[in-house]
Amino acid sequence: MIQSFFNAEIAAAAMPIVLAGLLNTILLSLLVVPLGLLGGLILALLASVRHPLVRWPLMAWVDFFRAFPPLVLLVLLFAGLPFAGLELGGFACVAIAFFLNTGAYYGEILRAGIDSVPSGQIEAARSTGLSRLQAMAYVVLPQAVRNVLPDLMSNTLEVVKLTSLGSVVAVPELLFQARQAQSVTYNPTPIVMAAVIYFLILWPLVRLLSRLENRALAARR
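Residue numbers (the working numbering): 6 to 226.
Hints were generated in silico from the structure; no laboratory data involved.
From a predicted model like this one, the values you see are computed outputs, not experimental measurements.
Careful, some of the hints might be misleading.
[To be verified] Derived pair list, reagent style DMTMM-like, types lysine to aspartate or glutamate, alpha-carbon separation capped at 25 Å:
no., residue 1, residue 2
1, LYS166, GLU218
2, LYS166, ASP156
3, LYS166, ASP68
4, LYS166, GLU113
[Said to hold, decoys possible] Label-pair distances were calculated between CB atoms; the ranges are:
no., residue 1, residue 2, range
5, ALA72, ALA17, 41 to 51 Å
6, LEU91, PRO62, 20 to 30 Å
7, PHE204, ARG55, 36 to 46 Å
8, PHE73, ARG220, 13 to 23 Å
9, TYR191, TYR143, 54 to 64 Å
10, ALA17, PRO147, 45 to 55 Å
Using N, Cα and C, we set each Cβ at its ideal position, and we do this for glycine too.
Based on the sequences and whatever the hints tell you, model everything.
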């Protein structure tokens, strides 16, 4: 068991390769999380428009990308777009796929947060001379984000974990590099190393999320 999964000699040899993948995972997370939040914010603001010509296409867009598997979407962009004469790199495909997929989830979370803010807040802000956009930016959104912060954190954790899908399109992130090291060493120790690194990175965020959820639950009481 130790020689197969916890081989110290192989771990030392594979460490530079795995750490290079960790750096790319961090860079990828710093790219796709803001993109998802930006897409979600756009969708949430559009959801405040009650006109049917905006509402129904928006609902169809959100439902489609929430139901569409992100792995299938990623492979479709990477392997399908070249047939249309458009070739994108792995990073670009991951960025677009996550913008579309995670943006739909972030959008629903932010929309729920905006809906949780009493409509009187906007009216009060408008009465002070703020435009509707300013009222949304300075009054509604800060309260909305605070109300759904645990949900935003939970979704962000899922997004970071989903960056491992980048290995499917040859993005040299943590899992891809670990698999490369495994193929050279013929030993699963690099995969175990990647799993441990994921745990060490995400566990503090999980504990922070639990604290936020407990605090939100206590506030409701």
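We went through each hint and held it up to the structure:
Of the pairs offered as hints, the one joining LYS166 and GLU218 holds, with about 20 Å between alpha carbons and a cut-off of 25 Å not exceeded. Proposed proximity of LYS166 and ASP156 is supported: the alpha carbons are some 16 Å apart, at most 25 Å. Note on LYS166 and ASP68: the hinted pairing holds, with a Cα-Cα distance of about 22 Å set against a maximum of 25 Å. For a cut-off of 25 Å, the pair hint linking LYS166 to GLU113 stands: about 20 Å separates their Cα positions.
For ALA72 and ALA17, the Cβ-Cβ distance of about 45 Å falls inside the hinted range of 41 to 51 Å, so the restraint holds. Taken as a hint, the range 20 to 30 Å holds for the pair LEU91 and PRO62, whose Cβ atoms sit roughly 24 Å apart. A hinted range of 36 to 46 Å holds for the C-beta pair PHE204 and ARG55, which are about 44 Å apart. Here the CB-CB span from PHE73 to ARG220 is close to 34 Å, at odds with the stated 13 to 23 Å.
With their beta carbons about 59 Å apart, TYR191 and TYR143 fall inside the hinted range of 54 to 64 Å. Restraint check, ALA17 to PRO147: a C-beta distance of roughly 48 Å satisfies the suggested window 45 to 55 Å.
The structure does not agree with numbered hint 8 stated previously, though it agrees with all others.
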